[in-house]
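> The chain contents come next:
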Amino acid sequence: MRFDLDLPAWKWPFYVARHPFEGFEDLRWKKAYNTKVAMVIVLCFFIITVCQQVMTGFLFNTSYVKVFNIVPLLVQTVILFFTWVIGNWSLCTLFNGEGSMKAICSVSAYALVPYLITQIVVIIASNVLLRSEAAFIMFFQYLGILWSTVLMISGIKTVHQYTVPKTLIAMLFTVAAMVVILFLLVLLLSLFQQVYVFGFSIYTELMYRFSI
Amino acid sequence: MPKMKKIATYAVSAVLAFSALCTSAFADQPYDGYNYDWWGDPVPSQAGYVVDRVITGLEFGTGTRYNTDTQLEEISAQEGEEIPKTQEVSALSEPSDLFIDEETKDLYVVDTKNDRILVTDVNFEKPTVIMDYFYNPETKEYETLNNPHGIFVRHVDDAENENESKMIYIADYDNNRVLGVYADGTVFQIFTKPPAEFYDEETTFQPNKVVVDVAGNVYVNILSTTQGAVMFAPDGSFSSYFGANRVEQTAQALANKFWKTILDREAAASFIQAVPMEFSNFDIDDEGFIYTVTESKSATTDVFKKMNPAGENVLINLGYSDYIYGDMASYYYLGVTYGSQINDVDVDENGTIRLLDYANGRIFEYTNECDLLFIYGGKGNQKGLFGDKVTAIESYGDVVYVCDSLKASITTFKRTEFGDIVHEAMALYSEGKYEEAREPWNEVLTRDSNYWFAYIGLGQAELSMGNYEQAMDYFYRNSRGGYNRAFKQYRMQFIRDNFNIFIVIILVAIIALIVLGKVRKHFKKKRKAGGKG
Chain A
1 MRFDLDLPAW KWPFYVARHP FEGFEDLRWK KAYNTKVAMV IVLCFFIITV
51 CQQVMTGFLF NTSYVKVFNI VPLLVQTVIL FFTWVIGNWS LCTLFNGEGS
101 MKAICSVSAY ALVPYLITQI VVIIASNVLL RSEAAFIMFF QYLGILWSTV
151 LMISGIKTVH QYTVPKTLIA MLFTVAAMVV ILFLLVLLLS LFQQVYVFGF
201 SIYTELMYRF SI
Chain B
213 MPKMKKIATY AVSAVLAFSA LCTSAFADQP YDGYNYDWWG DPVPSQAGYV
263 VDRVITGLEF GTGTRYNTDT QLEEISAQEG EEIPKTQEVS ALSEPSDLFI
313 DEETKDLYVV DTKNDRILVT DVNFEKPTVI MDYFYNPETK EYETLNNPHG
363 IFVRHVDDAE NENESKMIYI ADYDNNRVLG VYADGTVFQI FTKPPAEFYD
413 EETTFQPNKV VVDVAGNVYV NILSTTQGAV MFAPDGSFSS YFGANRVEQT
463 AQALANKFWK TILDREAAAS FIQAVPMEFS NFDIDDEGFI YTVTESKSAT
513 TDVFKKMNPA GENVLINLGY SDYIYGDMAS YYYLGVTYGS QINDVDVDEN
563 GTIRLLDYAN GRIFEYTNEC DLLFIYGGKG NQKGLFGDKV TAIESYGDVV
613 YVCDSLKASI TTFKRTEFGD IVHEAMALYS EGKYEEAREP WNEVLTRDSN
663 YWFAYIGLGQ AELSMGNYEQ AMDYFYRNSR GGYNRAFKQY RMQFIRDNFN
713 IFIVIILVAI IALIVLGKVR KHFKKKRKAG GKG
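So the protein lines, in turn, are chains A and B.
Using our numbering, you'd call the opening residue of the first sequence number 1 and step up by one each time.
Using our numbering, you'd call the opening residue of the second sequence number 213 and step up by one each time.
Bear in mind the hints are in silico, worked out from the structure with no lab data behind them.
We put the CB at the ideal spot given by N, CA and C, even for glycine.
Be aware that a few hints might be false.
[Unchecked claim] Straight-line C-alpha distance at most 20 Å; calculated EDC-like pairs for lysine to aspartate or glutamate:
1) A:K66 with B:D497
2) A:K66 with B:D253
3) B:K736 with A:E133
4) B:K626 with A:E25
5) B:K737 with A:E133
6) B:K700 with A:E133
7) B:K740 with A:E133
8) B:K740 with A:D6
9) B:K378 with B:D249
[Unchecked claim] Derived Cβ-Cβ restraints for the label pairs, each shown as a range:
10) A:V40 with B:I715: 49 to 59 Å
11) B:I715 with A:T149: 31 to 41 Å
12) A:T149 with B:Q464: 29 to 39 Å
13) A:I47 with B:K469: 41 to 51 Å
14) A:F173 with B:I528: 29 to 39 Å
15) B:L657 with A:A176: 31 to 41 Å
16) B:I715 with A:F95: 37 to 47 Å
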C-alpha cells in the first residue's frame with residue numbers, strides 16, 4: 001500500500017484500473033470515493049453504448065439501425081448500474097458489508113473504466129478492420145469484459161472487507177436482488193398506470209354527467 | 213369574370229389530372245407486390261408479373277378423344293355405353309397438376325375429379341385432346357384413371373417409332389399405381405406397390421406426383437411415407453428410396469435423444485419416434501437435379517431442396533441451408549398462424565425457381581442461387597386471385613401457369629416490363645457480366661428504389677470496375693460480404709496511396725514519444741532534486 005499516494009479525483013479510476021488489487025485498498029484508505037467522477041463514468045457508459053449502436057462499422061454492426069430507440073439503451077446502462085448499486089448495498093448491509101452506498105457506487109463505476117476504454121478501441125477498429133480480422137475485435141471485447149470483472153470483484157471485496165468466495169456469492173445474490181427490484185419496479189409502474197386509468201375514467205364519467 | 217374562368221379551368225384540369233391518376237391505379241393487379249430487403253423486412257415493390265388469363269375449362273369448347281374409332285368401339289363395348297369421339301370439355305373439377313412439354317409446347321392438365329387428362333397447348337389454342345381410356349396390351353382391356361394426381365411426360369430420342377418416343381407417366385392416386393403410357397395411349401408399364409420387404413405393407417401406396425429422369429428412373433412421391441420418393445427402375449422394379457428429408461430438430465426430438473441414451477432399449481422404444489416430414493411435391497430439371505418442397509406450417513428443415521442424383525441437397529453445400537423460403541416470418545391473427553406452406557416447385561430452363569405457397573396463394577420466384585426476385589399472387593375472390601387450394605405451378609418462357617383446385621381454374625401470369633428488366637439484369641449478373649448488367653440495374657432502381665438486389669448488382673459492377681468507394685456505397689446495409697470485399701480493396705488502395713504519409717506520421721510519433729520521455733525524466737529529476745534541496 002502506498003500511503004504517500006495523493007491523486008486528484010479523476011485520476012483514481014485509472015490508477016485503480018492499473019492496480020486491480022492494491023488500488024482499491026489505497027482508495028479505501030484514502031477514502032477517495034467520488035460520486036461525481038462515478039456519475040461521469042456512468043454517463044460515459046451510456047454514451048459509449050449509444051456510440052456502439054450507431055458508430056460500429058457496418059461489417060460488425062448487428063444492431064437494427066432502422067429504428068433507433070434510446071430507452072432500452074438507457075435501461076441497459078444507467079438503470080442497470082443503479083439497480084446493481086442499490087441491490088448490492090441492500091444485500092451487503094445485511095451481510096456485514098462495510099461499504100456505504102457512496103463507496104459501492106464509486107467502486108462499481110471505476111471498475112467499468114477498462115470495459116469502456118476497450119469498447120472505444122473496438123468501435124474504432126470495427127471501422128477499419130475486415131471480417132477476417134474479427135479476432136482482434138473479439139480479443140479487445142473479451143479483454144475489457146474480463147478486466148472489468150476482475151476489478152468489480154476486487155472492488156466489491158475491498159469495500160465490504162469480504163473474502164473472495166463471500167464476494168462472489170454476494171455478487172450472485174446481488175443479481176438475484178436486481179431481478180427482484182426490477183420486477184417490483186415493473187409491477188409498481190403497471191399498478192400506478194392502472195390507478196391512473198381508473199382515476200381518469202372516473203373523471204371522464206363525471207365530466208359526461210355534468211356536461212349533460 | 214375572367215378570373216372565375218381561370219379558376220374553373222384550374223379546377224377542371226386538377227380533376228382531370230386526379231382522375232388520370234386514379235385510373236392508372238385501377239388498372240393494377242389484384243395483389244400488392246412486395247419484396248424483402250436486407251433486414252428481412254417486407255417492402256412494397258413493383259409487380260414482376262400480372263394476371264393475364266383465367267381458364268376454367270369452358271374455354272376449351274369441344275375436346276377430342278385421342279383413341280381411334282376401332283378402339284372407341286371396344287371401349288364402348290367394355291363400358292356398356294356409347295363413348296363418343298368428341299365431347300364437351302366443360303368445367304374442370306379440382307385439377308391438381310400441370311405439365312408443360314417444352315418440345316411440343318403441349319400443356320397437360322390433370323383434371324382430377326373428372327378422371328381424365330386434358331392436353332392443349334401453352335396458348336390454349338390447340339384443340340383439346342381428352343385422355344381417359346388407355347389400352348393395356350397385356351390384359352387386352354382399357355384402363356381408366358381414378359383420381360389422378362400427377363403427370364410427367366418424357367421424350368426418348370432413340371425410340372423405335374415416333375409413338376414410343378413420348379412416354380407419359382400418370383400418378384393414378386386411388387388406383388394405387390403409376391401408369392406409364394405411350395403417346396397413343398398404349399400402356400407400357402404399370403408401377404405398383406413394391407413388395408413387402410421394401411415397402412411397409414400397412415402403408416398405402418397412393419402416388420401423388422411423379423417425375424422421371426433422363427435414364428428412365430421413375431420417382432414417385434407418396435404422402436404416406438416419410439422415407440422419400442419411391443424410385444423405380446425403368447423396367448418397373450423397385451430400386452430404392454430417394455432423398456428423404458431430415459428430422460426437424462425440435463426440443464421434443466432433442467429430449468427424446470437424451471432419454472434414449474439413458475434408458476434401456478425397451479423403455480426407449482416406447483417413445484414416439486421422431487420422423488421427418490414427407491415432401492409434398494417435386495420437379496426435375498434438364499441436368500437431372502430433383503427439387504423437392506415440403507409443405508409445413510412450422511417446420512423449417514428441408515422446406516426446399518435441390519438434390520443431385522445421389523440424393524444430396526446441393527444447396528446446403530453452397531451455404532444456403534439457413535435460407536428461409538416463402539415469407540420470412542409467420543404471423544398470428546385471430547387464432548390462426550399464417551406462414552408459408554410451399555406445395556409446388558417449378559424450375560425453368562434458366563434455372564429460375566418458383567415456389568407456390570399454398571397458405572397464402574403466393575408465388576415466390578428465386579434465381580438459381582436462391583435470391584428472391586418477385587412475390588406475386590394472393591388469395592381472394594377477385595379474378596386472378598386464388599381460392600384456398602392452389603395445387604400446381606408450371607412455366608413456359610415468361611408465362612407462369614398456376615392451377616387452382618378450389619376455383620377449378622388455371623391462371624396465367626405474364627411478366628411485366630419491370631419483370632423483364634430484372635430478369636435481363638439477373639441473367640447478365642449470374643453470367644458474371646456485372647458491367648453490362650449496370651444499365652438494367654439502374655433502370656430497376658429508377659422504377660423501384662426498394663429493389664434490394666439491384667444494389668448488390670450495382671455494387672458488384674463498381675467493384676469489378678475498380679471503383680471501390682462507390683461499391684462500398686452500394687453494398688452498405690445491403691450486403692456484408694460485398695462490403696467486405698470492396699472495403700478490403702479500398703483499404704489496400706488507401707494504404708498504398710498514402711504510404712509516405714503513414715511512414716512520416718509513425719516516425720514523428722516515435723520521435724515525439726522519445727522526446728517526451730526524455731523531457732519527463734528531466735523534470736522528474738529536477739523535482740526530486742528540488743524536493744531534496
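> Now tell me, hint by hint, if it's right for this structure.
Each hint, compared with the structure:
For the proposed pair A:K66 and B:D497, the alpha carbon gap of about 40 Å is over 20 Å, so the pair is violated. Straight-line distance between C-alpha atoms of A:K66 and B:D253 comes to about 10 Å, which keeps the hinted pair within the 20 Å bound. A threshold of 20 Å between alpha carbons decides the hint, and for B:K736 with A:E133 the separation of about 41 Å lies outside it, so the pair is violated. Our distance criterion of 20 Å between C-alpha atoms is broken by B:K626 and A:E25, whose separation comes to about 79 Å.
Restraint check: the Cα-Cα separation between B:K737 and A:E133 comes to about 44 Å, which exceeds 20 Å; the hinted pair is violated. Only pairs whose Cα atoms come within 20 Å are accepted, and B:K700 paired with A:E133 is accepted, the gap being roughly 11 Å. Taken as a hint, the B:K740 and A:E133 pair is broken in the structure, with Cα atoms around 47 Å apart against an allowance of 20 Å. With a CA separation close to 16 Å, the supplied pair B:K740 and A:D6 stays within the 20 Å bound.
For the hint linking B:K378 to B:D249, the alpha-carbon distance of about 45 Å lies beyond 20 Å, and the restraint is violated. Restraint check, A:V40 to B:I715: a C-beta distance of roughly 38 Å breaks the suggested window 49 to 59 Å. Checking the proposed 31 to 41 Å range against B:I715 and A:T149 shows it holds: the Cβ atoms sit about 40 Å from each other. Take A:T149 and B:Q464: their Cβ atoms lie about 37 Å apart, and the range 29 to 39 Å holds.
The hinted window of 41 to 51 Å between A:I47 and B:K469 holds, with their beta carbons roughly 47 Å apart. For the hinted restraint 29 to 39 Å between A:F173 and B:I528, the CB-CB distance of approximately 47 Å leaves it violated. A C-beta distance of roughly 54 Å is found between B:L657 and A:A176, which places it outside the suggested range of 31 to 41 Å. Range check, B:I715 to A:F95: Cβ separation about 59 Å, and the 37 to 47 Å hint is violated.
Hint compliance for this structure: hints 1, 3, 4, 5, 7, 9, 10, 14, 15, 16 are broken, all remaining hints hold.
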